[in-house]
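J.: Got chain S; can you put chain H on it based on the hints?
Taken in sequence, the protein lines are chains S and H.
Positions in the first sequence are counted from 1; adding 467 to them yields the working numbering.
Positions in the second sequence are counted from 1; adding 185 to them yields the working numbering.
Derived from the structure by calculation, the hints contain no laboratory data.
Don't be surprised by glycine CBs; every beta carbon is placed ideally from N, CA and C.
Some hints here could point you the wrong way.
[Claimed, not checked] Chain H stretches covered by chain S per the calculated footprint, using a threshold of three residues with CB under 8 Å from any CB of chain S:
1) 198-208
2) 265-279
3) 421-431
4) 460-469
[What the hints assert, rightly or not] Interface residues of chain S toward chain H, partial, derived using beta-carbon atoms under 10 Å:
5) G767
6) V820
7) A827
8) A829
9) E832
[What the hints assert, rightly or not] Only some residues are given here: those of chain H computed to face chain S with a beta carbon under 10 Å:
10) P225
11) N287
12) G303
13) A366
14) A451
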Amino acid sequence: MTSTLEPAAEQQGRPETQGRREFLATRRRTVVVELTMTVLTVAVAVLIAFLVVLATGKDAGGALDALLTGPLERTPRIGRWLADATTLSLLGLSVAIPFRARQISLGAEGQVYAGALASALVAINLHLPPVAAVLVPLGAAALAGGALGAVPGVMKARLGANEIVATLMLNAVVVRVFDYLLTDHLKAPGSSAVQSAPVRPDSALPLLSDFFQVPLDQANIGLFGMLAVAAAVWFLLARTPLGYRIRITGSNPDFARYGGLDVPRTIEWSFVIGGALAGLAGAHLALGIYGGLQPDMAGGLAFEGIVVALLGRNNPVGVVAAALLYSYLRVGGDVMEQQTDVGSDAVTIIQAVIVLLVTARALPELVKRYLARREAR
Amino acid sequence: MGPVLDVVLSTGFLAAILGVSTPYVLAALGGLLAERAGVPNIALEGSMLSAACTGALVAGYSGSVWAGAVCGIAAGALLALLLGVLHLYLGADAIIAGIGLNLLAAGATSYTVFALLGDKGGTSRLHSGALPSVRLPLIEDIPGVGAVLSGQNVLTWAALAATPVVAWLLYRTRFGFHLRAVGEHPEAARSVGIHVHRVQFRALALSGALAGAAGVFLSMGAVSFFVTGMTAGRGYIALAAVFLGALRPCGVFLAALGFGTAEALAVQLGNLDVPSQLVSAIPYVFTLLALAFFAWRRRRASRTDAAPAPLAGPAVLESP
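Bound conformation, chain S alone (with noise of 0.2 Å):
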């Protein structure tokens, strides 16, 4: 509302509205320039995964065809893409939030782990009525999470140790301990495979083929969930007194200290929210997906949602969009190795071109230069 240092904004009488017309038309065009960009990054990446398969004497057309419309042509095949998304989504969120603070939070392979672990165990164990039932695990897996979370927090924001190294032994500390007591204390009785006994039937998340009547696979009401707590991180970043924090933090640490922010506070709880949300996570894989635990169950999914959490600008929309985009790569991926002789892989170097693309920041004003000069020519 400075606009009435501007003349012309006075001349029209009403400051206030011209003010606020520009600042939405400014704002405006930063969210068409960014997805112009996170658009533009994808198409790249795809173009890159092309060439590479193109080069390698692939059936190029008939593997981007895969890829691309593969995932829409079955129900079950939806099923996979939305479960999947729930769980990158909560994970990207996970990892977006201490992005917000600057804080490079490793740690959601183990938080995953600890949270499924959490929620199998009260969902096998605890005979709990129908909505509890559903409720009480999702709370132990965020605790659990949480609490994980909030060890590499305290270190770091009080004894200032790097987080990177803490959340990496971290996480190979619980992925042990999670296999020790799946393969000595867990497993089934009587079931061959290491698996844990299954989870009971009243904690498991009810599934969206039972609402919808058409097979959708493993897809759940955790899909809901997860929009309503990307909905909730959205209120917390930008409407919370903690949220403000946390920007600030990360934003101009400096500014927060002489402010008089409690920064190590808030660190802590960037570390702690983000930890319950990678162990809820957890719990989405555990209760959704495999209904009981299962050795190396969250494959390589915590580092992809660094990925999809870079992908969204470490925004909750932003987040969701791309936890969309990338799970609906990674079935078509899976379609095409299927269909064609071209490796799934291929989605992971797109998912690792994307990630270059987005981190190396300086491209686009280099690109810009190179046009320039071009032009000038």
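T.: Just chain H now, kept in the frame of chain S:
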């Protein structure tokens, strides 16, 4: 405890420690060089993986294990140089770019193996062979010592030799002096005429080459084929050894040896009634405690100096 002690004190176990520690030592020394030059090299994992894959493939198709080893090491160095381009010239955050490169290595290696051999699992149907082990004619007759030292892989000896070489490079050469100067204070280094980016590029190339040697050991030393994702997080562990070793060659060597010992112990105890996963988790718990302890001590020291302690934003986020 009887059978456990028997295992721990056997010469076979000591020999296994050296073997298992080899990739950790090589990669951690690589991580050390990059870290001291001010570029955290989280792409160690990717360098190892691409080197392991390239080495096995080249050795399998060319029939020469040495050609495979050289190409593998070059592949590791190349990936680290890519990190240098992204971080130093394209303004990418070193950590995020490193994670991206690790993904790239994971995707590209298994894509290539699948495209060439039609097998997602690895190159086991390709007879790529392994680098030779070194037999020591006189020493192998000494009881105890001989069984531990003789018959170790060439790269295990390279790892043992690399520690003093890296120490010499860092502390006794002009290049090492420039490297440390660049890592400690890039502006100061630039002001006295040191070419900061050039030094960092060279440090990264060496770092990637050492990680590459670690990867080559995995696919051409410990076994004679490449398995998809066979590094299994060793690059990240090596990075932890860099910090646990307090950024000094000797400390890094001991830390890497510690991780190797725990892993070897977990393998050896696998057939006894001891939870091997918990044994192999010990060094990570120890690293966490050490990390907290060192940070606490540093924080206390800086408080007595009345210097402002860094609270937010890890040093790695500030590009040099």
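J.: Confirm or reject each hint.
T.: Hints, verified against the model:
With a cut-off of 8 Å between beta carbons, the region 198-208 of chain H has 0 residues touching chain S; three or more are needed, and the interface restraint is violated. For a cut-off of 8 Å, the count of residues in the region 265-279 of chain H with a CB near a CB of chain S stands at 6, and the three-residue condition holds. Remark: the region 421-431 of chain H is confirmed as covered by chain S, as 5 of its residues place a Cβ nearer than 8 Å to a Cβ of that chain, reaching the required three. Residues of the region 460-469 of chain H lying with their CB closer than 8 Å to a CB of chain S number 6, which satisfies the three-residue condition for coverage.
The interface hint given for G767/S holds, since its Cβ lies 8 Å from the closest Cβ of chain H, which is under the 10 Å cut-off. Using the Cβ-Cβ criterion of 10 Å, the hint placing V820/S at the interface with chain H is satisfied: the shortest such distance is roughly 7 Å. Because the smallest distance between the Cβ of A827/S and any Cβ of chain H comes to about 4 Å, under 10 Å, the interface hint for this residue holds. The beta carbon of A829/S is positioned within 10 Å of a beta carbon in chain H (closest approach about 3 Å), and the interface hint is therefore held.
The criterion of a C-beta within 10 Å of any C-beta in chain H is met by E832/S, whose closest approach is roughly 8 Å, and the hint holds. Below 10 Å, beta-carbon pairs count as interface contacts, and P225/H has one with chain S at about 8 Å; its hint therefore holds. A distance limit of 10 Å between C-beta atoms decides the matter here; for N287/H the minimum to chain S is near 8 Å, and the interface restraint holds. Nearest Cβ of chain S to the Cβ of G303/H: about 8 Å, under the 10 Å cut. The hint holds.
Checking A366/H against chain S: minimum C-beta separation of about 22 Å lies over 10 Å; hint violated. Hint status for A451/H: holds, given a least beta-carbon distance of 9 Å to chain S, under 10 Å.
Taken one by one, the earlier hints fail for this structure at numbers 1, 13, listed in ascending order.
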